[in-house]
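Trainee: Each residue of the sequence shown is one higher than the one before, starting from 1 at the first, in this note's numbering.
Everything labelled a hint here was simulated from the structure, so no lab data went into it. All figures in this text were calculated on a predicted structure; none of them were measured in a lab. Glycine included, each C-beta is placed from N, C-alpha and C at the ideal position. There may be inaccurate statements among the hints.
In silico DSBU-like pairs for lysine-lysine, Cα to Cα no more than 30 angstroms straight-line [claimed, not checked]:
(1) K261 <-> K249
(2) K119 <-> K205
(3) K129 <-> K211
(4) K234 <-> K267
Ranges between beta-carbon positions, derived for each pair [unchecked claim]:
(5) R192 <-> R66: 43 to 53 angstroms
(6) R175 <-> G235: 12 to 22 angstroms
(7) A64 <-> V288: 21 to 31 angstroms
(8) Q111 <-> A216: 48 to 58 angstroms
(9) V145 <-> H72: 34 to 44 angstroms
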Amino acid sequence: MVVYFIENVPSTRDRSPINSGHNPRGRGRGRGRQARGRARGITQRQRPQRQQNFIWNQQYNAPAPRLFVEQHPGPTHRYPNGSQAGVFFDQYFTDEIWNIITSETNRYYVQQQAAEPNKHKTKWTHVTKEEMKAFVGIIIFMGIVKLPRINLYWSNDVLLHQEPVSSLMSQTRFRQIWRYFHLADNSTAPPRDHQDFDKIYRVRKYLELIKARSQALYRLSCELSIDETMVPHKGRLSYKQYIKNKPIKWGIKLWVLCEAKTGYVNKFQVYLGKEGNAAEQNLARRVVHDL
Numbered sequence: 001m002v003v004y005f006i007e008n009v010p011s012t013r014d015r016s017p018i019n020s021g022h023n024p025r026g027r028g029r030g031r032g033r034q035a036r037g038r039a040r041g042i043t044q045r046q047r048p049q050r051q052q053n054f055i056w057n058q059q060y061n062a063p064a065p066r067l068f069v070e071q072h073p074g075p076t077h078r079y080p081n082g083s084q085a086g087v088f089f090d091q092y093f094t095d096e097i098w099n100i101i102t103s104e105t106n107r108y109y110v111q112q113q114a115a116e117p118n119k120h121k122t123k124w125t126h127v128t129k130e131e132m133k134a135f136v137g138i139i140i141f142m143g144i145v146k147l148p149r150i151n152l153y154w155s156n157d158v159l160l161h162q163e164p165v166s167s168l169m170s171q172t173r174f175r176q177i178w179r180y181f182h183l184a185d186n187s188t189a190p191p192r193d194h195q196d197f198d199k200i201y202r203v204r205k206y207l208e209l210i211k212a213r214s215q216a217l218y219r220l221s222c223e224l225s226i227d228e229t230m231v232p233h234k235g236r237l238s239y240k241q242y243i244k245n246k247p248i249k250w251g252i253k254l255w256v257l258c259e260a261k262t263g264y265v266n267k268f269q270v271y272l273g274k275e276g277n278a279a280e281q282n283l284a285r286r287v288v289h290d291l
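Construct the entire structure; sequences and hints are all you get.
Mentor: So this is what it looks like as structure tokens:
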């Protein structure tokens with residue numbers, strides 16, 4: 001495209017609005033555009049040309065990818081072939097976690113029994129770490145082999161009786177531990193009207209320990225993904241979410257940082273909902289920055 005600039009040639013014609021032979025409004029419509037065109041030509045001609053440091057090309061050359069510093073992504077430990085699921089489970093549920101669960105469950109019974117002795121008359125013996133492992137194992141088993149009611153796992157009916165459950169623990173002891181199962185000390189929880197109030201105080205420490213083990217056991221590659229996921233839950237919970245278009249509509253929403261290729265979860269964050277009636281601003285930016 002060739003651009004032509006119009007020189008500004010002075011005119012001897014009288015263009016004074018005093019002249020009665022000319023209409024100022026009519027004069028402005030026609031010749032005014034020409035004058036503006038001449039002025040624009042002068043501006044473009046006199047404007048200094050910027051030095052371009054690039055060359056237009058129809059072929060796109062992608063920039064070289066940045067150097068990824070992690071040379072050996074993947075598991076940080078080697079496991080022999082044929083390792084059982086319990087080996088990997090123990091990598092996450094360390095002795096520290098078992099000690100917390102055991103001590104806090106025993107503490108919670110003592111607190112409840114001292115506060116309301118008439119409601120806690122059942123004989124209680126302190127839970128041991130091995131007994132707590134059996135209890136958690138039964139919970140996992142119930143999630144795999146599902147029956148309509150809990151007492152059916154100890155049923156005398158041959159079609160319903162579950163020997164892996166009844167051989168580990170009696171139904172009475174199972175319900176006892178379930179009643180007092182705890183992960184944190186309620187006496188140190190900030191009150192609801194306190195500025196440090198935490199909606200997930202009772203599980204906060206446990207989640208942080210699981211998150212730390214998840215990061216320590218696996219080195220991520222350079223291809224990552226951040227997305228939301230739902231943990232099914234229909235009970236009473238202040239931060240329970242309802243998402244219409246999700247396969248799991250009711251539940252607890254988590255923000256998760258995963259490795260794109262394997263789906264391995266490296267970090268996660270529980271979405272606790274909006275505070276008051278005001279929606280959180282820049283939510284996506286905050287989640288990416290936190291994870």
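Trainee: Give a verdict on every hint.
Mentor: Hints and how they fare:
As the CA atoms of K261 and K249 are separated by approximately 26 angstroms, the hinted pair is consistent with the 30 angstroms bound. About 29 angstroms separates the Cα atoms of K119 and K205, which keeps this hinted pair within 30 angstroms; it holds. Among the hinted pairs, K129 with K211 is consistent with the structure: their alpha-carbon atoms are about 22 angstroms apart, no more than 30 angstroms. Among the hinted pairs, K234 with K267 is consistent with the structure: their alpha-carbon atoms are about 24 angstroms apart, no more than 30 angstroms.
At roughly 46 angstroms, the beta-carbon separation of R192 and R66 lies within the given 43 to 53 angstroms, and the hint holds. About 18 angstroms separates the C-beta atoms of R175 and G235, a value consistent with the hinted range of 12 to 22 angstroms. For the pair A64 and V288, the beta carbons lie near 24 angstroms from each other, so the given range of 21 to 31 angstroms is met. Separated by about 33 angstroms at the C-beta atoms, Q111 and A216 break the suggested range of 48 to 58 angstroms.
The hinted range of 34 to 44 angstroms is satisfied by V145 and H72, whose Cβ atoms lie roughly 39 angstroms apart.
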